[in-house]
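Peer 1: Listed below are the residues making up each chain.
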Amino acid sequence: MSLQKLRRIDETRLEVPIDYKKGMLVPGIIYADALIEKDIEDRAIEQVANVACLPGIIRASYAMPDVHTGYGFTIGGVAAFDLQDGVVSPGGVGYDINCGVRLLRSNLMKQDVTPRLKELVSVLYNEIPSGVGSKGRIRLGPDDEKKVLLKGARWAVESGLGDASDLEKTESGGCLDGADPSVISSKAYERGRSQQGTLGAGNHFLELQYVDRIFDPKAADVLGIFEGQVTVMIHTGSRGFGHQVCTDFLEVMERAAGKYRIELYDRELASAPFNSPEAREYLCAMRCAANYAWANRQCIMSWTRESFMKFFGSSPADLGMSLIYDVAHNIAKVEDHTVGGKKMKLLVHRKGATRAFPPGHPELPAAYRGLGQPVLIPGDMGRASYLLLGTEKAMQETFGSTCHGAGRLMSRHQAIRKAKGRAIWRELEDQGIIVRAAGRETLAEEMSEAYKDVASVVDVVQRAGISTKVARLRPMGVIKG
Amino acid sequence: MRPFEVLDVSGDAGLRVFGRDLAMLFANAAAGLYDLVTDVSRIRTLRSVELEAEAGTLEGLLVSWLNELIFRIDAHGFIAKEITIRELRVPVLPADDPSGFRIEASLTGEEFDASRHEQRLLVKAATWHRLKIVQENGTCQADIIFDT
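Just so you know, the sequences run in chain order X and A.
Sequential numbering of the first sequence, starting at 47, is according to the numbering used here.
Sequential numbering of the second sequence, starting at 912, is according to the numbering used here.
A hint or two may mislead.
[Unchecked claim] Partial chain A-side listing against chain X, Cβ under 8 Å, derived:
(1) Val917
(2) Ala924
(3) Asn978
(4) Trp1039
(5) His1040
(6) Asp1058
[To be verified] With a straight-line cut-off of 30 Å between C-alpha atoms, the simulated DSSO-like cross-links for lysine-lysine are:
(7) X:Lys181 / X:Lys193
(8) X:Lys193 / X:Lys391
(9) X:Lys305 / X:Lys215
(10) X:Lys84 / X:Lys464
(11) X:Lys215 / X:Lys193
(12) X:Lys51 / A:Lys992
(13) X:Lys67 / A:Lys1043
(14) X:Lys439 / X:Lys51
(15) X:Lys233 / X:Lys164
(16) A:Lys1043 / X:Lys391
(17) X:Lys464 / X:Lys389
(18) X:Lys164 / X:Lys193
(19) A:Lys1043 / X:Lys305
(20) X:Lys181 / X:Lys164
(21) X:Lys391 / X:Lys67
(22) X:Lys439 / X:Lys388
(23) X:Lys305 / X:Lys84
(24) X:Lys51 / A:Lys1043
(25) X:Lys215 / X:Lys389
(26) X:Lys181 / A:Lys992
(27) X:Lys192 / X:Lys391
(28) X:Lys181 / X:Lys233
(29) A:Lys1043 / X:Lys68
(30) X:Lys233 / A:Lys1043
These are calculated hints, taken from the structure and not from any lab test.
Note that beta-carbon positions come from the ideal geometry of N, C-alpha and C, so glycine has one too.
Please construct the entire structure, taking both the sequences and the accompanying hints into account.
Peer 2: Have a look at this one:
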């Protein structure tokens, strides 16, 4: 139904016209080709249009090809707001604040790992806390938790988990300025106390992979990537700490929306003007959660390296396990952009979308400045993940943003029904992929068929010019919650 | 009457909850939440906690109540087997009072232990997404979606 009202701009973009629904201030733009278009839900289109109604939105409400229905905002959504008249919305960031991905390289080749893969997956499964009710290896006292919120990944490095060089390869250096621990509720502190250094559950994972295809040899060389090489991908976020921050502030923002007379088409779009005390407090809290998440991924990466060192009896130099990059895909940030030829500071919400800054951008680490920002796109546990680069076109068209993953195709229950009577772990093992999961139904819910093929998603962002492919990574071993 | 059934929603978990009255609706919503997290039949009644939540609307109260339970699950691992609603206050004239609707309850259960209890979903929050409470013909029904 709703799809008929869309206008095709070009081969990779659909427009949700500004008259699609009353109250839209800008059009919606969905990155989708004819193949992706077939899977777009009506409700997701409606959500793209709802976001286009929020005050101060600049240029368009964007959706990436991995778009699907979220709460208020879609997953796969990008929206930038003017700092004078625009709003801040926790729904534009999501419950899992700074959910993100990091990718580690190594000097190991696939054939070095394959013979002992099962054993290695077991070691990592035991070393990295995951699953419902898992207790971390860290228990934070109140002072330490505040340090995590203020310092992010640097806190982990100062605690002996990793090197300063890891921070250069992390988006925003693994720490956002402007975090204020005094706005955090006691509930969020309590949830965060024993969850630092835990993977969580659901679609979060730690994955052993190998590079099976290089698309851009020059970039791969700079990034230290080559065919047959073993890599590790970590996907997790701010855990219960971030979920509580979002829960707390949705309530605050709902009251604020009433107070500032912001019309909402969905309560999960609850927002407040950027310059209001409510918005300032939310952003201070969100930054705390973002920093919690960067510390979390740093801890997990450090334990992964240690596990590899023990397992292979090798030195760090021999293993060469350095961080390629770490990206956030649920976050809101004040950034410099050019709109209509004018330089502006904007608040960019990315929910299930990844920053994709172009070559030469000052926020990139020196080593990558000539390349563009590495973008990490996890796929599902049976198919592939991708390493991409940000482009100038992304900067111009999408406020320097691109997709974040495969995007779900099936509901949990559809997936569980489809998996009934099948042993998903054995099917994967037959393909050479060893999986371990704590939850009884995690593997069924997370099976390949439950997701869009990430290749078709990545294909759209490449053809649209908002990212370029560097390498494809195939799963070897997967640890899930 | 079934206390609840699981709704099929893309990527997340939802519940359709039933009750003869609002107190039973809120108790069954809690039971449904615990059922998403683990097999409650294996939970023992070792510890009791007293809980309260308040909000400006009935829908808001359901979200606050469930988020209170999620907080206890996530921060303390507490899973309840027995849920007694001691008070459910609905103002006669819903006014602009952020604490007009109020619930008080006693819950008895134990701490989740991954070695003894089944791990189902990790529930992050109860959301406002498609939230609906209907009261008619002497029954109550609610739809609620959880972020998982």
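Peer 1: Does each hint hold? Answer for all of them.
Peer 2: Taking the hints in turn, this is what the structure says about them:
no. : hint                 : verdict
1   : Val917               : holds, 7 Å
2   : Ala924               : holds, 6 Å
3   : Asn978               : holds, 5 Å
4   : Trp1039              : holds, 4 Å
5   : His1040              : holds, 5 Å
6   : Asp1058              : holds, 5 Å
7   : X:Lys181 / X:Lys193  : holds, 20 Å
8   : X:Lys193 / X:Lys391  : holds, 28 Å
9   : X:Lys305 / X:Lys215  : violated, 41 Å
10  : X:Lys84 / X:Lys464   : holds, 21 Å
11  : X:Lys215 / X:Lys193  : holds, 21 Å
12  : X:Lys51 / A:Lys992   : violated, 49 Å
13  : X:Lys67 / A:Lys1043  : holds, 23 Å
14  : X:Lys439 / X:Lys51   : holds, 27 Å
15  : X:Lys233 / X:Lys164  : violated, 39 Å
16  : A:Lys1043 / X:Lys391 : violated, 39 Å
17  : X:Lys464 / X:Lys389  : violated, 51 Å
18  : X:Lys164 / X:Lys193  : violated, 37 Å
19  : A:Lys1043 / X:Lys305 : holds, 24 Å
20  : X:Lys181 / X:Lys164  : holds, 24 Å
21  : X:Lys391 / X:Lys67   : holds, 28 Å
22  : X:Lys439 / X:Lys388  : holds, 17 Å
23  : X:Lys305 / X:Lys84   : violated, 40 Å
24  : X:Lys51 / A:Lys1043  : holds, 28 Å
25  : X:Lys215 / X:Lys389  : holds, 27 Å
26  : X:Lys181 / A:Lys992  : holds, 22 Å
27  : X:Lys192 / X:Lys391  : holds, 29 Å
28  : X:Lys181 / X:Lys233  : holds, 17 Å
29  : A:Lys1043 / X:Lys68  : holds, 24 Å
30  : X:Lys233 / A:Lys1043 : holds, 26 Å
Violation of the numbered hints given earlier is confined to hints 9, 12, 15, 16, 17, 18, 23; the remaining hints are satisfied by the structure.
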